[in-house]
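The listed protein sequences derive, respectively, from chains A and B. Every position in the first sequence, counted from 1, becomes a number in the working numbering once 727 is added. Every position in the second sequence, counted from 1, becomes a number in the working numbering once 727 is added.
Because the hints were derived from the structure by calculation, they are not lab data. Just so it is clear, the structure is predicted and the values come from calculations on it, not from any experiment. Errors might be hidden in some of the hints.
Copies of the same chain look alike in the list, so a pair counts if it works inside one copy or between any two.
[As the list claims (entries may be wrong)] Straight-line Cα separation of at most 30 Å, BS3-like style, residue types lysine-lysine; simulated pairs:
| no. | residue 1 | residue 2 |
| --- | --- | --- |
| 1 | K909 | K841 |
| 2 | K961 | K786 |
| 3 | K969 | K921 |
| 4 | K921 | K786 |
| 5 | K862 | K931 |
| 6 | K841 | K729 |
| 7 | K931 | K737 |
| 8 | K841 | K737 |
| 9 | K969 | K786 |
| 10 | K862 | K786 |
| 11 | K931 | K744 |
Protein chains: 2
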Amino acid sequence: MKATINDVAKHAGVSIKTVSRVMNNEPSVRQATRDKVMATVAELNYQPNLAARNLAGTKSYSIAYVYDNPNAYYIIDMQNGILSACRQQGFELLIHPCNAEADNILEEITNMVKQSRVAGLVLTPPFSERPEFVKRILELDVKVVRIMSGNAAPDEITPCIMVDDHQAALTITQHLIDYGHKNIGFIAGGAEHKSSIERLQGYKQALSNNGIAINDDFIIEGEYSFESGVNGAKQLMTQAEKPTAIFSCNDEIAAGALFAARLMNIAIPQQLSIAGFENSPFSRQTWPRLTTADQPNRQIASDATNLLIAQIRQQNTKQICTQYTPELVVRDSTGQVQA
Amino acid sequence: MKATINDVAKHAGVSIKTVSRVMNNEPSVRQATRDKVMATVAELNYQPNLAARNLAGTKSYSIAYVYDNPNAYYIIDMQNGILSACRQQGFELLIHPCNAEADNILEEITNMVKQSRVAGLVLTPPFSERPEFVKRILELDVKVVRIMSGNAAPDEITPCIMVDDHQAALTITQHLIDYGHKNIGFIAGGAEHKSSIERLQGYKQALSNNGIAINDDFIIEGEYSFESGVNGAKQLMTQAEKPTAIFSCNDEIAAGALFAARLMNIAIPQQLSIAGFENSPFSRQTWPRLTTADQPNRQIASDATNLLIAQIRQQNTKQICTQYTPELVVRDSTGQVQA
DNA sequence: AATATAAATGACAGCGCTGTCAATTTGTTA
DNA sequence: TAACAAATTGACAGCGCTGTCATTTATATT
């Protein structure tokens, strides 16, 4: 019923091996032969059996997406981006959610890699930001691509997609400053996340660019969660000196800050401006709609995947490092400071 | 480096085939032998090679999750539920997002099934609600489990997990009625979704149970989106006769309704009660927090997957049909009707 | 035209496992 | 205890493909 390589070989009048060569884009096949085989492949609607490929070959045609992240929108975007690249390239995707804090996490991933024979891994934070961990993974003889926060290649270990959170945060903060804000609060996403650290740096940079002193009371240690936004905003707005704007480290925190503002009867943006980061779908659905920075996750993910697959195919030996800078999206949660 | 079945066989002093038997839980292996093999398996940290299994056996150890749904929370919950069952049972999961409206969708899925040799499919709406489509899929000799809306086995084609949207909607509506509401609006999720139809039925049933006449002006044809909630609520609240409560077909619509209420300066729940459906994470993050119905998607998904795998293993021939009824979660967006 | 060289193709083993069927061991009964 | 059935185990082929290496064919060189 389902055509095998054998069927194709017979129909085309060539050996199995030649069909294999054509299917793998190997050189040393005459164009005429290649065409003949391709025609037969099309005619029989032949598709190579992945299991057999994986078993027989030293190469593998599957990659895995390893993540530990509770953000559904982020995951879905990443996943879709990875998947679209995989489909284009004839790769299979395994998804592997796991707990980054588990102490046998390396072993777990090792087992997964060995059992599934994946050729590569797409790593997002926090995994991508642990060089030692990544090095251990590389010992397993899998390729890795990392998506992480920063504005320069962190090392030469793997290709990376860098997200310039620093620059984007600077832009958001500048936007607030341009609206006349000087007392700007910051609710962080947790020191274990490089993105949060980078965003904080960008925030500080913007202040200092404009000659505004950094007030430590305005910087709240939080985490990437709604609750953290609620608590952070409460804390900021019950201090003696209150900010007139809050830069939340992501949209979820911003949504929490919005919630807290409602609770405290603070009008947004009249009495307080709030900005988020990520441009997740619900940033358009809060009241008021959130000013934020758009992070093109889907694009980043498919880019990363293409980089990974190129590496697997050994089409390039260099460790490429691409950069994305999230762009400011101004909506209704930020406004001119009131006199 | 990575242990194979051969290594285990040698270490344990049995044949490869016996190890295979143990790994597959086949009968006709003496307990002593089984223990010995299991011990060796543990010692060598042996894990069967999926590719080899898939290639050699007639059985397959992978299933696919086929979906077309823009709701990130839903997808993630489903995916996690499916994945946890897969891990427990040693199955591999392929995810296959696709466009249900594409006219070659059957062909697309056929190719995926053939190429990946999946043994089963987890189908959610809209796929699960197309009997003819499902029948065609079954011809491919894959097992299928369906998750769908309803309160009775729709047919005997496949095992199903039914979600009793009718009952849950009735409960929500009753909750509104108990708060004294008689003029209750309904924003539907689209006639192409069985869940929306069922929820509408439940809403009507509740009204009729309480002797309240059904007012067609209160029933808005919408779709499962935020915008639809915004528009639906606007329409309802600009009519001559306005409802005092709105039952939105899902949380996203409810969030839209909330947004519209803000726009129109309508106080929630004092002037208008709004209820959602799904209990998605953001229903806890709106202002006010949404009253909704909790749909245990993760649980439903792992249940469904277990049913599918049992079917694949032919442990049962009967077409089991399980039922879930989402439970009312009362939060702050609904309240006593004001005089 | 004969030879050397490179390009193209094919034969064959084997990846790690399962299915089939035959061989062996164990338990049961007269 | 012999004879037989049932339970247990193993030998072997082969799933569909790729890697290796040998063979054939085309091209260049003298």
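Evaluation of the provided hints:
In this homomeric assembly, K909 and K841 never come within 30 Å of each other (Cα to Cα): the closest approach is 54 Å inside a single copy and 62 Å across copies. In this assembly of identical chains, the alpha carbons of K961 and K786 never lie at most 30 Å apart, being 55 Å within a copy and 58 Å across copies at closest. Proximity of K969 and K921 under a CA criterion of 30 Å is satisfied intra-copy only: 27 Å inside one chain copy versus 51 Å between copies. For a Cα distance limit of 30 Å, the shortest separation of K921 from K786 qualifies neither inside one copy, at 34 Å, nor across copies, at 45 Å.
Taking the closest pair of Cα atoms, K862 and K931 never come within 30 Å of each other, the shortest separation being 32 Å inside a single copy and 61 Å across copies. In this assembly of identical chains, K841 and K729 lie within 30 Å of each other by CA distance both inside one copy and across copies; the values are 29 Å within and 7 Å between. For the homomeric pair K931 and K737, neither the shortest alpha-carbon distance inside one copy (68 Å) nor that between copies (64 Å) is at most 30 Å. In this homomeric assembly, K841 and K737 come within 30 Å of each other (Cα to Cα) only across copies, at 21 Å, whereas the closest approach inside a single copy is 35 Å.
In this homomeric assembly, K969 and K786 never come within 30 Å of each other (Cα to Cα): the closest approach is 59 Å inside a single copy and 65 Å across copies. Only within a single protomer do K862 and K786 lie at most 30 Å apart by alpha-carbon distance; the minimum there is 21 Å, versus 37 Å between protomers. Neither within a single protomer nor between protomers do K931 and K744 lie at most 30 Å apart by alpha-carbon distance, with minima of 61 Å and 66 Å respectively.
Of the numbered hints listed earlier, those contradicted by the structure are 1, 2, 4, 5, 7, 9 and 11.
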